[in-house]
Amino acid sequence: MERLQKYMASCGVCSRRKAEEYIKDGKVSVNGETITEMGYKVGKDDVVRFMDKVIMPETDKIYIMLNKPEGCLTTVTDDRNRKTVMDLISGITERIYPVGRLDYNTSGLLILTNDGEAANHLTHPRNHIDKVYEARVQRIPEPAEIFFFESGIFLDGRKTAPSKLEIISEKPPVLRITIHEGRNRQVRRMLEEIDNKAITLKRISVGQLFLGDLKKGKFRKLTENEINYIRSL
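The numbering used here puts the first residue of the sequence shown at 1, with every later residue one more than the last.
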């Protein structure tokens with residue numbers, strides 16, 4: 001027997017944390033009964049449905065790195081038929097989903113997988129995994145603004161964790177920003193708090209996973225070393 005959210009993650013539907021949202025929203029049933037209880041456990045003979053479709057554990061795990069382009073949603077589907085990251089993935093028969101999010105107008109490194117445990121490792125706050133971005137901005141911030149930025153900024157009434165801001169280029173003004181949280185539009189909003197703006201924003205690494213020279217809109221499977229790194233978390 002295992003918890004329903006963990007079972008869903010093993011089926012390649014989503015991460016455990018996202019599964020909890022789906023359960024709360026009444027989108028999951030077991031043996032025909034809608035389940036909204038977080039501690040509910042399922043066994044091998046139970047029939048689990050998500051969005052009225054039977055789901056079963058994925059036996060073949062797959063791990064993909066995508067260089068997400070701007071103008072693309074980090075979702076599996078969209079009810080308004082907008083372009084999603086799944087439209088960029090071809091030749092993959094397994095059901096995969098994106099780990100975490102990148103904003104619509106942000107490009108860069110995005111992991112997709114059907115391994116719910118791996119997704120949980122990469123996104124769980126306790127692991128404090130660095131996410132590094134390169135931002136083309138309106139101007140180079142002043143030293144006092146950098147100190148304010150790195151010390152933590154209040155967003156929605158809650159202070160961000162300490163971060164790092166480095167100047168990569170002055171002409172054009174380019175910054176390298178390191179955070180280990182994943183709040184909505186966090187980097188853009190933090191820049192706005194110091195009266196600056198990200199003209200372009202690209203995520204170049206997550207922990208020990210690096211975008212490298214992967215072209216925008218293209219994807220590749222993770223190497224064995226990269227997969228072992230995720231599992232080690």
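Keep in mind that the hints were calculated from the coordinates and are not lab data.
Note that beta-carbon positions come from the ideal geometry of N, C-alpha and C, so glycine has one too.
There may be inaccurate statements among the hints.
The calculated label-pair distances, taken between Cβ atoms and stated as ranges, are [stated by the list, open to error]:
#1 Thr77 <-> Arg158: 28 to 34 Å
#2 Ile89 <-> Val54: 19 to 25 Å
#3 Met38 <-> Asp195: 38 to 44 Å
#4 Met51 <-> Asp130: 31 to 37 Å
#5 Asp87 <-> Lys221: 26 to 32 Å
#6 Glu142 <-> Lys221: 41 to 47 Å
#7 Ile89 <-> Thr34: 28 to 34 Å
#8 Thr34 <-> Asp195: 46 to 52 Å
#9 Gly43 <-> Ile168: 37 to 43 Å
#10 Thr34 <-> Asp87: 28 to 34 Å
#11 Asn81 <-> Thr34: 43 to 49 Å
Hint check results:
1. Thr77 <-> Arg158: 28 to 34 Å: Since threonine 77 and arginine 158 have Cβ atoms about 30 Å apart, the given range 28 to 34 Å holds.
2. Ile89 <-> Val54: 19 to 25 Å: holds, 23 Å
3. Met38 <-> Asp195: 38 to 44 Å: Holds - the Cβ-Cβ distance for methionine 38 and aspartate 195, about 42 Å, lies within 38 to 44 Å.
4. Met51 <-> Asp130: 31 to 37 Å: About 34 Å separates the Cβ atoms of methionine 51 and aspartate 130, which means 31 to 37 Å holds.
5. Asp87 <-> Lys221: 26 to 32 Å: At roughly 18 Å between Cβ atoms, lysine 221 and aspartate 87 fall outside 26 to 32 Å, so the hint is violated.
6. Glu142 <-> Lys221: 41 to 47 Å: holds, 43 Å
7. Ile89 <-> Thr34: 28 to 34 Å: holds, 31 Å
8. Thr34 <-> Asp195: 46 to 52 Å: For aspartate 195 against threonine 34, whose Cβ atoms are near 48 Å apart, the range 46 to 52 Å holds.
9. Gly43 <-> Ile168: 37 to 43 Å: violated, 53 Å
10. Thr34 <-> Asp87: 28 to 34 Å: holds, 31 Å
11. Asn81 <-> Thr34: 43 to 49 Å: violated, 28 Å
Consistency with the previously given hints fails for numbers 5, 9, 11, ordered from lowest to highest.
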